[in-house]
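> Work the whole structure out from these sequences, hints included.
One-letter residues, chain by chain:
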Amino acid sequence: MPNTFRVIWTLTRRELAVKLSSFWLYGLMSAICLVAALFGGAFIQSFDTENVLVSSGPISALNAGIVLFLGLALGIRLTASLVWEREHRTLDVLLAGPTGHSEIIAAKFIAELLVLMLILVIYLLFLIVGQPLGSAVLTLADAGEIAIWSSFIIPVMAFGLLVSALFSSVRAAVVAFLVVITFLGIYEGLVIWLAPLSPTDMSLSMLYLRSGLESVQKATQWLSPVSHICEPVLVYLGRSVSGWTDILAAVTLGVSFLGISVAVSARRGIV
Amino acid sequence: MKHQLIKLLMLALLVFVTGVAHALEPQRREVIVTHNRVWDGFVYKENFVPSGWPEMRLMSEKDNAISFVRTEEYYWPLSRQTYVAFEKLRQEIKGELVISVDGDELATVKHAPYSIVYPKGAVNGHGFLIWGDEATVEYTKYIDEERKFARQFAKARQELTRYEIALRESAAARLRGEPVVKIEPPPPLPEPSLKLVTKPATAYRVAMSAGRYKAYLRKDGQRIPGTDITLVVVDGSSRDVFVADIVPEERFTRPLPSNRQKDRIYAAPGATFFVTLNEASRFDEGDYLPLVRPQAVVVQGRDIWIRRRAAAQKQMTLDWLADAEQEVLTLQPLKSVQTQGAAFGYIVRAAEAGERPDLKAFTVEIPPSLSEGRGKLIVDAQERPLFVREVVIVNDRREFLVWLLAALPLVVGAGIWIRNRTRIRNSTFARQRG
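Protein sequences, first through last, are from chains A and B. Here my numbering is used: position 47 in the first sequence is 47, and no number is missing along the way. Here my numbering is used: position 231 in the second sequence is 231, and no number is missing along the way.
Simulated from the structure, these hints should not be mistaken for lab results. One or more hints might be untrue.
Stated by the list, open to error - Simulated restraints, written as ranges between beta carbons of each label pair:
#1 B:THR253 x A:THR200: 22 to 32 Å
#2 B:ARG398 x A:ALA147: 20 to 30 Å
#3 A:ILE148 x B:GLU46: 57 to 67 Å
#4 A:VAL255 x B:LEU14: 48 to 58 Å
#5 B:VAL292 x A:SER215: 50 to 60 Å
#6 A:PHE69 x B:ASP240: 34 to 44 Å
#7 B:ARG398 x A:SER215: 47 to 57 Å
#8 A:ALA147 x B:TRP53: 35 to 45 Å
#9 B:VAL292 x A:VAL255: 34 to 44 Å
#10 A:ALA147 x B:ALA12: 55 to 65 Å
Cβ atoms here follow ideal geometry from the backbone N, Cα and C, with glycine treated the same way.
Below, the structure written as structure tokens:
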């Protein structure tokens, strides 16, 4: 067992070194900070027309948006990761050593998790040092909200690895990932939009649509990775209260996807 | 062939239309539901719990009135609500209510008449139930008092009318040159009492401490089918808080609610806003909504604030954190008036004597010289938790620092990319050379 951990750690370091030396990671960090800067600019600009605003979390909307963005970006990265090794025949080389599919998948996932943490640390530092909202954000609690919400990204990341394990080419895997995520995203978007509407404000077809979507949602809310990543949006809209059970459910789904990824990858072998 | 196809299509359309029409008529069934008057922490709310509903929620602290009623019930799938037709059938089930916990019988309650009494009117809450003959006596007394008041008011009104006529006649007489006649004004109109006592109705009296109980109706020693229900009694104490409405001066008609303690008020330097304070009760939505609307969809764990009335507090403290001094704000009546001349909009000023105020609020003025800082609005009342709202003055940010820090990772990434490219080029060059 200690050997397994050593192997995972070695592979993780290798993955991390590659990621840290690639341009996209820093581009992603800057993109997030720039979005925060633009958001902060808009917040300060709102005082051109308003003199007073009341809010308990002025950057909650930004945090929810960044969680969605990071989920999509890191999910795509993981979708391309394993299938890239297969497409370029480097998986053969890895498997020729003392590594199995589980170690490779675990290392890729842990490396991406570390990248996520690094991005969040940079984002938090930017909020605290840069103060993009002027003096509006001063507390660590405001900025730290995203640290809790980031756990909802795990299912999408693990789902990316699962899709990666299912396909033989990077292009097919990324397209499949985007198609599934877009479909689930539209579904969740419709549910979020329709759920708070009063029956008196809805047409008959909208009511039937909502009824149908919500009956399906009972089954999909725990199984859909997009459902978990939408949780911060629902919290921001005041329609949900995240508890430890929600975080645990997201982590459990992520671990389940990882387990299935290992099984699928092992079954496929190197082709 | 073509005609047959058209006939088939017409038939299909007919079936569809009649199907829809049939589906629109909900099926009614005769069942037993509970029709209740439940205490919500301030007033009594009326609700009904559909048949087959596993549990009903009550609040400890005061009596609740529960009645079991045979009626017609129907489900409307589009609104996902069950409705009852009390106007068609409402037959009270009389017997004795048996309440038990863990199989042990705790109490049996007889069907009895009751009235709700609000000593200072329903608007001021703090009502209570009175039961048995006392309810009938109190209601009769209340009706007598109301009638007596109506008679006194009518009499006082007549006196007032007579006085006004006399004034007019006296004025006319003076115009004709007759001497001045002193007319004594009538006594003022009597003040109505806000007290309210509802007409006696019958129900079972339930006043339990917080917990889960089983209940059913029994008649002649036999359990009445369809009356089993679980009573979930939630703790009704210590829920009183203050909530505020923040009224920006430039948006006088659009107050910004501030219920949560962690709400912050962001204000520009030189801004003026008004704070109205309200008494409210804070509940977990899962505790409160099923109490007043048993069929409501709730989000467990989410807080809900039920506003009760304007707070009686007359003073509030504004404490600027950078400054040792505290500013004491006083509740004052305010009047909004249209700006004069060519200017648009309105101004808000203190109401003058005799003017009817548009708003009673605390006025917070942010000094224009204060370009950054934080303060706290504090109300320290004995009977409620401390009310604190942070006030944050929003200043301009350091634009250069913000954009520099945002671009910094990109610069680092570009540096790493250039270094990698240089390394690759150097190693390729070295391989080619040697």
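> Of all the hints given earlier, name the ones this structure violates by number, lowest first.
The structure breaks hints 3 and 5; every other hint is satisfied.
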